[in-house]
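2 protein chains.
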Amino acid sequence: MTTVPVPADSLYGVTNLPYGVFSVGESAPRVGTRLGDSVIDLAVLLGDEVFARPSLNAFMAQGYDRWVAVRRQITERVAGDIPDEAVHPLDDVTLHLPVEVADYVDFYASEHHAANLGRLFRPDNPEPLMPNWKHLPVGYHGRASSIVVSGTDIVRPNGQRKGKDDAVPVFGPSVRLDIEAELGFLVGTGTAMGDTVPVEDADRSIFGVVLFNDWSARDIQAWEYVPLGPNLGKSFASTISPWVVPLLALEQARVATPVQDPEPLPYLAMEAPWGLDVDLSVRWNGSEVSRPPYREMYWSPAQMLAHVTVNGAPSRTGDVFASGTISGPERNTRGAFIELTWGGAEPVSVGGEQRTFLEDGDEVTITASAPGAGGTRLGFGEATGRILPAVHAS
Amino acid sequence: MTTVPVPADSLYGVTNLPYGVFSVGESAPRVGTRLGDSVIDLAVLLGDEVFARPSLNAFMAQGYDRWVAVRRQITERVAGDIPDEAVHPLDDVTLHLPVEVADYVDFYASEHHAANLGRLFRPDNPEPLMPNWKHLPVGYHGRASSIVVSGTDIVRPNGQRKGKDDAVPVFGPSVRLDIEAELGFLVGTGTAMGDTVPVEDADRSIFGVVLFNDWSARDIQAWEYVPLGPNLGKSFASTISPWVVPLLALEQARVATPVQDPEPLPYLAMEAPWGLDVDLSVRWNGSEVSRPPYREMYWSPAQMLAHVTVNGAPSRTGDVFASGTISGPERNTRGAFIELTWGGAEPVSVGGEQRTFLEDGDEVTITASAPGAGGTRLGFGEATGRILPAVHAS
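Order-wise, the sequence lines are chains R and H. Position 48, counted from 1, in the first sequence is what this note's numbering calls 48; the numbers after and before it change by one each time, with no gaps. Position 253, counted from 1, in the second sequence is what this note's numbering calls 253; the numbers after and before it change by one each time, with no gaps.
Here chain R stands alone, though its shape is the one from the complex (with noise of 0.2 Å):
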């Protein structure tokens, strides 16, 4: 038997405990919580054959009530002796994607993002905020087969663009690769089709957090979004954290979002406040460029739930779904390259060279942070991926 040693103001301390899928060597991949610098094997340490599986999505289709005592009992035995066999050093551990995923959206909730984009993609367009935005959370299905866990690399895509002086369009690499932080939420629980989730209900349908980099060509996507909405030029890869925070651990971050103005419909009614405080930052090849803030989202994840399912659309287990890009007032919070740079024209300084878009062999890694119990803070692991050159295609 052993003890994990925590330091007082270690993010993975017993009050945030998140999930994720690891293995050690060659052996099959399960599931784990983060202690310290430890990771603790749960069908070990509960002797509960849920946790010896590849993905978190049986222990999560167990329901709210499954979690709520899980959790509990994680928090009462790191809190004693630990078998040994039990622990393993963060370092020794690989970790792997922690959610089967089932279907995937992606929306579009921070207002200045959605504003910012307006004004750079819709130049001519007086409004940069679409008519329907302040009504509903606007959103769109991504595809699920490209999310990839935190650390895999990302291929640069080849796609169409047409520059606005280009005559026909051109194929090749996209020269504007960009990055989306947001953070992602997993459905633990779903609904039959035509059952809906009201936001009252989203508590006990979610089950946790991960960070979510919705890498985006914006040049394929420029050229392609009229009228269907955004798809090459995102459907090559997202990455997400390995650690799924718990919403249960998120207890102390919720605050009030901002003030909704017109006030939503009915269905979209939030009496709990249901923003999170999460602080997110952005790092290019090790340098800070932004420190995006969860709490100014317009849209709650309660209510995005609430309107994707409003119309008998069913959700499953394994459900993900992730709030936009998340971008506050000013400029150093913004979760876009395109918006940090005002579409190339702006450029940051990365590592003392000046920077725009992606280069081949830049680096990206998102961490984040939000209150949790008696004063602690909880990290949120982070999501990080390499750009590689794109592939030779005619």
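For the record, the hints were derived by calculation from the structure and aren't laboratory data. Quick caveat: nothing in here was measured; it's all calculated off a predicted structure. Check each hint, because a few of them may be wrong.
[Unchecked claim] Below, computed lysine-lysine pairings styled on DSS-like, alpha-carbon distance capped at 25 Å:
1) 164(H) to 164(R)
2) 162(R) to 164(H)
3) 164(H) to 134(R)
4) 162(H) to 134(R)
[Unchecked claim] Reference listing, derived: stretches of chain R covered by chain H, where coverage requires no fewer than 3 residues with Cβ under 8 Å from a Cβ of chain H:
5) 73 to 80
6) 144 to 158
7) 222 to 228
8) 302 to 310
Every residue, glycine too, gets a C-beta built ideally from N, C-alpha and C.
Based on the hints, put chain H in the right spot on chain R.
For chain H alone, kept in the frame of chain R given last:
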């Protein structure tokens, strides 16, 4: 042992042999083929456990060479005596969703449909087609979990809409509920992230073809779809036929697509004819209201798959991509009611009544046939659904 009688003019003779998933009574769903008005249990016929599964995915994942070999095997076996226990009258079985859907993408491949919708949705724009339309097969990701098998009732969706005379959006049941008659294509074998499916390899990736009804709430769609594309206007349900016609059965249906001008970029160039001479029929409460001709589609399935993977996005066994509404040049070949009735302005006669959009209790059935080997015709089963009233929602 028994023989299965098949009339010479059956759409389900030995040149078709579509795959489906069926159950008898309380037995577990398993894979079968249709011969005349019988369903043949393939696990029994061929003694192969890959068919004793509740979806086609495991078989599809075995790849092209196996698809060829199994089709030859079935053809030989059904020509002779078939074990009694392998044969079930069609009327005795329940048909299920044949595929576990991975990612779902809906395209927009009919020039007539895209132009008609451009005129209806963007009447102020002098060009009905967007500038990108003839350069790439425009498409978007849809909700995989709301794809249901023929016969599933469709509950009228609730949602936001805002008519041009409404000061603010209103919430309630869609009042412009529509269909889209399409074909869906099932990806049999996938590709890893970073790989592509060139047009010339599409034959080896696409397993088969289904009928596809992309139910559409036009009022919800019109309000939500800018700038990220359709979401809740489509995500509540799509219906597919239970029978998957193998692409291998459709050699005689392969025809040239309409001339593509301008010539597409090299990654979309086609050598082999990739159009499909499939005649669809749309019946509304029993009255045939349209006969959409698939051969009129501008973009081919091979081009759609090549496009959606050209950026390195992975594809998976069970991916479904659909063509978008099939509309020909004449009014009575339009595959969506919004086109057929010109936005509701020109009603059609349905069993003696003048109709525009779907009313509660209405039933829509899509069927199709195509030329098969030896002068036969092949049937595609049917995609049918009945509209139930919206559920009460605040």
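Tested hints:
no.	hint	in the structure
1	164(H) to 164(R)	32 Å, violated
2	162(R) to 164(H)	33 Å, violated
3	164(H) to 134(R)	17 Å, holds
4	162(H) to 134(R)	13 Å, holds
5	73 to 80	violated (count 0)
6	144 to 158	holds (count 7)
7	222 to 228	holds (count 6)
8	302 to 310	holds (count 3)
Of the numbered hints stated above, those contradicted by the structure are hints 1, 2 and 5, listed in ascending order.
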